[in-house]
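Q: Chain residues, written in single-letter form:
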Amino acid sequence: MSAAEPKLEPLHHFQVVNYLELELFGVDLSISNSVVWMWVSAIAVFVLFRLALRSPAIIPGRMQMLAEAAYLFIRHMVDENIRGDGRRYLPLIFALFYFVLFCNLLGLIPGAFTPTSQLVVTATLAIGVFGYSVALRVVRQGFGFFRAFAPSGLPPLLLPLMIPIEVLSFMARPVSLAVRLFANMTAGHTVLGVLAFFGLALPWFATWLPLGFSIVLNGAEIFIGFIQAYIFTVLTCVYIDDALNAH
Amino acid sequence: MRKAKAIVKQTAGYQWAIRVGTELVAATMIGLGVGYMLDKWLGTRPWFLLLFFLFGVFAGFLNLYRVLQLDMQVQQDPGDEKDS
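One line per chain: the protein sequences are A and B, in this order. Every letter in the first sequence is one number past the one before it in the numbering used here, and letter 48, counting from 1, is 1443. Every letter in the second sequence is one number past the one before it in the numbering used here, and letter 19, counting from 1, is 846.
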């Protein structure tokens, strides 16, 4: 019990470390721990699903059943939230959900890094989704794009009030999409860091209290990682649905 | 097991608070930004800032309403299927 004095550094595990400095055409492409853990989660998703469906049988084994449930879950979500030919967007939604989910969950392994706790990562995902939905909307609806900002059945007197509100609420979409995921991941991991510090700093007879609570919180973090990935992808579905079907 | 699940869900409640806060703040900030830009462009400080601040707050509540509608859907769904 004579380890070094524990220091309160709850933000320590959000530090981005560059393993390899890399610059191409003036763009910073350094390989950081965030990049590495994104690779890890993408590869983990790929390998797990490959392994689970290695020898598909009519009567599925345990792994195959899990993979099929995972697929059906996304298909259900897409069917429910995108009217019309929503199945066309299933691969996008599937990839997005499991990428975000694995980024969230793998970050809970002690010593691992959570890419989704970086605003840059979540903002890139959110801007990508937003840009895609806007492009889809322009392609599908053409000029009707602008009609979406004026809800039908409204007295014309209210239009100067409603149009700016609708436009602002539209513009806030990527911001809240990015910040929501980032803030949730950061908050949870910070609390875990503080609890771990308490567990180390308290005298031996009180250690069980913060450490026990951190176990509960780990369970909560798994739940939140799942819920946040779900919300991110459901909102993506809603945006795509908005782009496909005018109200 | 059911009790453990309930405890976890209660502890995870703060994610709801974060979401509500984010929703309100994001739209308000966007409104403030747009108002500031318009003022700078037209030289009408502070009128557009004030106006778009209000618009932003309303937009925030609108977004909040929409997201919480989705939230109800999550609660009704068997949303806690086991993930792989």
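Careful: at least some of the hints might be erroneous.
What the hints assert, rightly or not - No more than 20 angstroms apart at the CA atoms, straight line, and that leaves these computed lysine to any residue pairs for SDA-like:
(1) B/K832 - A/E1416
(2) B/K836 - A/T1519
(3) B/K836 - A/A1437
Unchecked claim - So, partial list: chain A residues that the calculated Cβ filter (under 8 angstroms) puts toward chain B:
(4) L1403
(5) L1406
(6) F1409
(7) I1522
(8) G1526
(9) A1530
(10) P1555
(11) P1559
(12) S1564
(13) V1570
(14) N1579
(15) I1619
(16) I1622
Claimed, not checked - Computed footprint of chain A on chain B; a stretch qualifies when at least three of its residues, placed anywhere within it, have a C-beta under 8 angstroms from a C-beta of chain A:
(17) 857-870
(18) 880-891
Note that these hints are calculated values from the structure, not bench results. Given the structure is predicted, the values throughout are model-derived calculations rather than measurements. Beta carbons are placed, not taken as given, at the ideal position from N, Cα and C, and that holds for glycine.
Q: Next, verify each hint and record whether it holds.
A: Hint by hint, here is what the structure shows:
no., hint, result
1, B/K832 - A/E1416, "44 angstroms, violated"
2, B/K836 - A/T1519, "29 angstroms, violated"
3, B/K836 - A/A1437, "28 angstroms, violated"
4, L1403, "21 angstroms, violated"
5, L1406, "17 angstroms, violated"
6, F1409, "16 angstroms, violated"
7, I1522, "14 angstroms, violated"
8, G1526, "16 angstroms, violated"
9, A1530, "20 angstroms, violated"
10, P1555, "11 angstroms, violated"
11, P1559, "5 angstroms, holds"
12, S1564, "4 angstroms, holds"
13, V1570, "4 angstroms, holds"
14, N1579, "5 angstroms, holds"
15, I1619, "5 angstroms, holds"
16, I1622, "6 angstroms, holds"
17, 857-870, "holds (count 3)"
18, 880-891, "holds (count 7)"
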